[in-house]
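Each protein sequence line maps, in turn, to chains A and B. Residue numbering for the first sequence follows numbering that gives the first Met the number 0, beginning at 0 and increasing consecutively. Residue numbering for the second sequence follows numbering that gives the first Met the number 0, beginning at 0 and increasing consecutively.
Misleading hints may appear alongside valid ones.
Below, computed lysine to any residue pairings styled on SDA-like, alpha-carbon distance capped at 25 Å [stated by the list, open to error]:
id, chain 1, residue 1, chain 2, residue 2
1, A, Lys43, B, Asn171
2, B, Lys350, B, Asp327
3, A, Lys43, B, Ile78
4, A, Lys187, B, Asp157
5, A, Lys43, B, His162
Estimated spans, in silico, between C-beta atoms of each pair [unchecked claim]:
id, chain 1, residue 1, chain 2, residue 2, range
6, A, Thr223, B, Glu106, 20 to 28 Å
7, B, Ala96, A, Val25, 55 to 63 Å
8, A, Val25, B, Leu47, 16 to 24 Å
9, A, Ile220, B, Ser144, 47 to 55 Å
10, A, Gln42, B, Asp222, 17 to 25 Å
11, B, Ser144, A, Ser215, 47 to 55 Å
12, A, Val25, B, Asn171, 52 to 60 Å
13, A, Glu48, B, Val58, 52 to 60 Å
14, B, Glu106, A, Gly50, 47 to 55 Å
Bear in mind the hints are in silico, worked out from the structure with no lab data behind them. C-beta: ideal position from N, C-alpha, C; glycine also.
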Amino acid sequence: MNSRAATTGHRRRAGGAAKPRRAAAVALLALLTPPALAGCGIQKSDVVEAGGAATLHVGPPVPEERLVLYFVGPDGRSMPVIRDLGRPFPDHTSPSGGSGEHVPTDVFGPGYEISRDDLNRGGIVTDKILAMLMAGPRANETAAGITSALPRAEGDTPTMLQASKGNASTGNPARRLVWVRTPFPVKKLSDAGVRQLVCTTAYAEHPAGLVDVSLSGPDGILPTARCDG
Amino acid sequence: MKACVTPDEDTGHEGRGGHAGQDGHGTTGRASGRRGRSPRLRPHPFGLRTRLVLAFLLVAAVGCGTTAALTYRAARNAILEQTQDTAVSAFREQIDALGTTLPIEPEMLRDTLMMVARQGKPRAWRVYAEYGTLRVSSTDRPTSSVITPELRARAADDEAVPHGSFQRVVKNGTPYLTIAVPAVFLARSAEGPPQRTGLVFYAVMELSEEEANIEAMVTAARDGALPALAVALIPALIAARGVLRPVRELRHAAHSMGRGRLDTRIHAKGSDELADLARTFNESAAELERSVAELRNAEARARRFASDVSHELRTPLAGMLAVTEVLDEDAGSLDSDTARAVRLISAETGKLAVLVEDLMEISRFDARAAELHTDEVDAADCVRKTLQQRHWTDPTQVVPYLTEGIRARLDPRRFDVVVANLVGNALRHGEAPVTVRLWAEGDQLVTEVADRGPGIHPDVLPHVFDRFYKADQARTRSAGSGLGLAITLENVRLHGGTVTAADDPEGGAVFTVRMPL
Numbered sequence: 000m001n002s003r004a005a006t007t008g009h010r011r012r013a014g015g016a017a018k019p020r021r022a023a024a025v026a027l028l029a030l031l032t033p034p035a036l037a038g039c040g041i042q043k044s045d046v047v048e049a050g051g052a053a054t055l056h057v058g059p060p061v062p063e064e065r066l067v068l069y070f071v072g073p074d075g076r077s078m079p080v081i082r083d084l085g086r087p088f089p090d091h092t093s094p095s096g097g098s099g100e101h102v103p104t105d106v107f108g109p110g111y112e113i114s115r116d117d118l119n120r121g122g123i124v125t126d127k128i129l130a131m132l133m134a135g136p137r138a139n140e141t142a143a144g145i146t147s148a149l150p151r152a153e154g155d156t157p158t159m160l161q162a163s164k165g166n167a168s169t170g171n172p173a174r175r176l177v178w179v180r181t182p183f184p185v186k187k188l189s190d191a192g193v194r195q196l197v198c199t200t201a202y203a204e205h206p207a208g209l210v211d212v213s214l215s216g217p218d219g220i221l222p223t224a225r226c227d228g
Numbered sequence: 000m001k002a003c004v005t006p007d008e009d010t011g012h013e014g015r016g017g018h019a020g021q022d023g024h025g026t027t028g029r030a031s032g033r034r035g036r037s038p039r040l041r042p043h044p045f046g047l048r049t050r051l052v053l054a055f056l057l058v059a060a061v062g063c064g065t066t067a068a069l070t071y072r073a074a075r076n077a078i079l080e081q082t083q084d085t086a087v088s089a090f091r092e093q094i095d096a097l098g099t100t101l102p103i104e105p106e107m108l109r110d111t112l113m114m115v116a117r118q119g120k121p122r123a124w125r126v127y128a129e130y131g132t133l134r135v136s137s138t139d140r141p142t143s144s145v146i147t148p149e150l151r152a153r154a155a156d157d158e159a160v161p162h163g164s165f166q167r168v169v170k171n172g173t174p175y176l177t178i179a180v181p182a183v184f185l186a187r188s189a190e191g192p193p194q195r196t197g198l199v200f201y202a203v204m205e206l207s208e209e210e211a212n213i214e215a216m217v218t219a220a221r222d223g224a225l226p227a228l229a230v231a232l233i234p235a236l237i238a239a240r241g242v243l244r245p246v247r248e249l250r251h252a253a254h255s256m257g258r259g260r261l262d263t264r265i266h267a268k269g270s271d272e273l274a275d276l277a278r279t280f281n282e283s284a285a286e287l288e289r290s291v292a293e294l295r296n297a298e299a300r301a302r303r304f305a306s307d308v309s310h311e312l313r314t315p316l317a318g319m320l321a322v323t324e325v326l327d328e329d330a331g332s333l334d335s336d337t338a339r340a341v342r343l344i345s346a347e348t349g350k351l352a353v354l355v356e357d358l359m360e361i362s363r364f365d366a367r368a369a370e371l372h373t374d375e376v377d378a379a380d381c382v383r384k385t386l387q388q389r390h391w392t393d394p395t396q397v398v399p400y401l402t403e404g405i406r407a408r409l410d411p412r413r414f415d416v417v418v419a420n421l422v423g424n425a426l427r428h429g430e431a432p433v434t435v436r437l438w439a440e441g442d443q444l445v446t447e448v449a450d451r452g453p454g455i456h457p458d459v460l461p462h463v464f465d466r467f468y469k470a471d472q473a474r475t476r477s478a479g480s481g482l483g484l485a486i487t488l489e490n491v492r493l494h495g496g497t498v499t500a501a502d503d504p505e506g507g508a509v510f511t512v513r514m515p516l
């Protein structure tokens with residue numbers, strides 16, 4: 000009785016030893032097969048970065064003769080639009096340096112014209128550009144889903160208070176600081192709205208937008224911001 | 000035809016010198032009979048050869064597979080990388096050359112995209128542009144379902160520096176390369192960082208040609224691996240042969256030893272484990288041969304001793320028999336006590352003579368010196384003669400039922416001994432009447448001797464043919480020598496027949512002898 004139990008136990012153990020070996024072989028095969036099979040064909044991949052962005056030639060008009068206004072796209076991101084200085088009657092040949100050229104005034108009356116000389120000088124022209132920004136996107140811009148995050152202009156528009164001294168031509172860290180005063184509270188503005196004001200002001204004041212902008216409203220002052228980076 | 004006579008008893012001297020030779024013959028004969036059913040070449044479904052070949056093939060398959068897989072992966076990645084890099088840089092270059100307005104004018108942009116779509120590199124692509132809510136494409140559908148939200152999110156991501164990106168997408172089994180390039184512009188001067196336009200260009204290119212190339216590589220890898228496997232079969236078979244040949248030799252040798260050829264040796268060469276095994280086998284075989292030879296010698300000596308003793312006893316016994324015969328004749332004239340003693344001596348001397356004769360007979364069998372002198376005889380005639388010679392003619396004692404006219408090839412003297420021993424045994428241990436039947440069954444001659452006695456006890460049945468076996472241990476002396484049935488058995492065997500003892504269900508013992516005709 001006892002010996003028989005021992006014998007069966009032994010036999011079972013012997014069978015058990017054979018089974019793991021076979022199982023090990025199967026496991027080895029199973030381990031080796033997937034890399035051979037799974038790697039076949041072309042697999043989908045994650046998004047991979049490759050190179051920089053493409054730089055478009057935007058125009059007309061030529062860069063020196065355009066206004067850049069920042070609006071907001073349907074996804075809440077900044078969308079710049081370019082407006083012409085002198086439509087509908089551009090007169091580049093005028094000997095007076097373009098003093099007769101007019102920017103469409105949208106809702107504003109005469110006195111908001113911007114000449115090419117004004118644009119290059121900065122200063123008072125920035126107020127006019129900001130007024131244009133406050134007027135909102137035009138019909139062809141709205142058609143592309145472009146909106147404005149700023150409150151609609153009612154009476155007063157943002158005005159540039161003063162600009163600190165700085166050397167614009169060297170592009171060096173000593174940037175100019177531009178103060179802009181808004182008639183509406185600035186602390187309630189969305190990020191997109193702040194960026195609209197900052198970038199529009201920056202490109203109005205400097206061809207490469209290299210200025211610092213500080214917004215102040217009836218409710219206080221926002222930290223200094225810049226449009227690039 | 001020759002009349003069936005009981006020949007003179009032969010002397011036991013013949014063939015004493017031929018022990019060893021006869022011995023060998025006997026062994027060989029028996030072994031050759033066994034050879035037929037020995038497992039010679041049993042197929043082994045998972046034998047050494049199969050396992051070795053499988054192991055080789057597995058190793059080769061793993062090697063080939065790994066190499067092929069690694070090569071394949073490297074080549075596939077190279078193909079894909081080249082295509083991707085070419086496509087991405089070509090796409091960006093073409094976008095770089097474009098001009099547009101802000102906000103875009105869809106009709107103009109569409110014309111531009113059509114132009115870009117015609118210049119796909121390395122292959123034709125479909126071009127899409129997304130600007131705000133506007134969707135412009137070079138195809139008749141405004142946007143592509145292949146472009147994933149992840150790619151869109153990455154392209155529009157304005158946290159980081161704008162950069163191009165691509166993604167491989169598999170849709171409905173077709174692989175596509177999707178490229179996204181966001182467009183930037185220089186706002187008012189070439190100085191300063193470029194600003195996003197909000198415009199993103201997408202290109203979608205089918206990778207079916209790359210897939211075909213990669214498929215071709217898989218085919219090539221497979222076509223390379225299969226011959227490699229086939230080649231691996233050759234060393235596998237050679238290795239299997241190298242292992243299997245010694246094993247086969249060993250099996251043949253073991254088989255040959257089992258047949259009694261103890262001088263079998265294996266040619267052990269080399270220094271591997273199998274050679275060790277062969278040497279061990281040879282040593283064991285030599286040892287076995289020596290032991291068996293010793294045993295045989297001892298056995299032969301014992302037999303010769305029994306034979307010699309019988310012979311030595313025979314001559315004095317012959318003299319004693321002659322004297323007791325004379326004394327028997329004169330017993331009548333002696334006083335009664337002396338006469339009884341003389342008759343006792345005479346009877347015991349006769350029994351002793353029978354015992355010695357039987358001993359000599361059995362030792363001839365043991366020495367395999369017994370020879371068969373076959374003759375074609377009438378079987379019924381033989382049995383009748385046996386019964387007549389022994390004076391078993393009383394129908395109340397012995398009743399013969401003999402089938403007449405059976406011609407059989409047998410040794411008449413030995414057949415006589417067989418019948419006489421069986422009938423004598425039946426008369427001694429069973430009850431009369433004893434029936435003797437004789438008939439032919441197929442190609443066998445069947446002789447059956449049955450008595451009306453108590454039968455054979457089941458415990459005794461296996462031993463009835465043993466020498467000096469006493470059914471009743473208390474009965475120390477019996478009328479017979481105790482060798483009768485043993486001699487019967489040997490004689491029947493010599494004829495190539497069988498003898499069996501059984502109990503008749505109706506009572507009595509039945510001995511059946513079957514001998515080939």
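Comparing the hints with the structure gives:
1. Pair hint Lys43 of chain A plus Asn171 of chain B holds up; C-alpha atoms about 12 Å apart against a cutoff of 25 Å.
2. About 15 Å separates the Cα atoms of Lys350 of chain B and Asp327 of chain B, which keeps this hinted pair within 25 Å; it holds.
3. With a C-alpha separation of about 15 Å, the suggested pairing of Lys43 of chain A with Ile78 of chain B holds against the 25 Å cut-off.
4. A hinted pair counts as satisfied when its Cα atoms are at most 25 Å apart, and Lys187 of chain A with Asp157 of chain B qualifies at roughly 22 Å.
5. Proximity of Lys43 of chain A to His162 of chain B is assessed by CA-CA distance (about 21 Å); at most 25 Å being required, the pair is judged to hold.
6. In this structure, Thr223 of chain A and Glu106 of chain B break the distance hint of 20 to 28 Å, their C-beta atoms being roughly 42 Å apart.
7. The hinted window of 55 to 63 Å between Ala96 of chain B and Val25 of chain A holds, with their beta carbons roughly 59 Å apart.
8. For Val25 of chain A paired with Leu47 of chain B, a C-beta distance near 21 Å keeps the hint of 16 to 24 Å intact.
9. At roughly 49 Å, the beta carbons of Ile220 of chain A and Ser144 of chain B sit within the given window of 47 to 55 Å.
10. For the pair Gln42 of chain A and Asp222 of chain B, the supplied restraint of 17 to 25 Å holds, since their beta-carbon distance comes to about 23 Å.
11. Range check, Ser144 of chain B to Ser215 of chain A: about 48 Å between beta-carbon atoms, so the 47 to 55 Å window is met.
12. For Val25 of chain A and Asn171 of chain B, the hinted distance range of 52 to 60 Å is not satisfied, since their beta carbons lie about 35 Å from each other.
13. Checked against the hint of 52 to 60 Å, the C-beta distance between Glu48 of chain A and Val58 of chain B comes to roughly 43 Å, which is inconsistent with it.
14. The hinted range of 47 to 55 Å is not satisfied by Glu106 of chain B and Gly50 of chain A, whose Cβ atoms lie roughly 29 Å apart.
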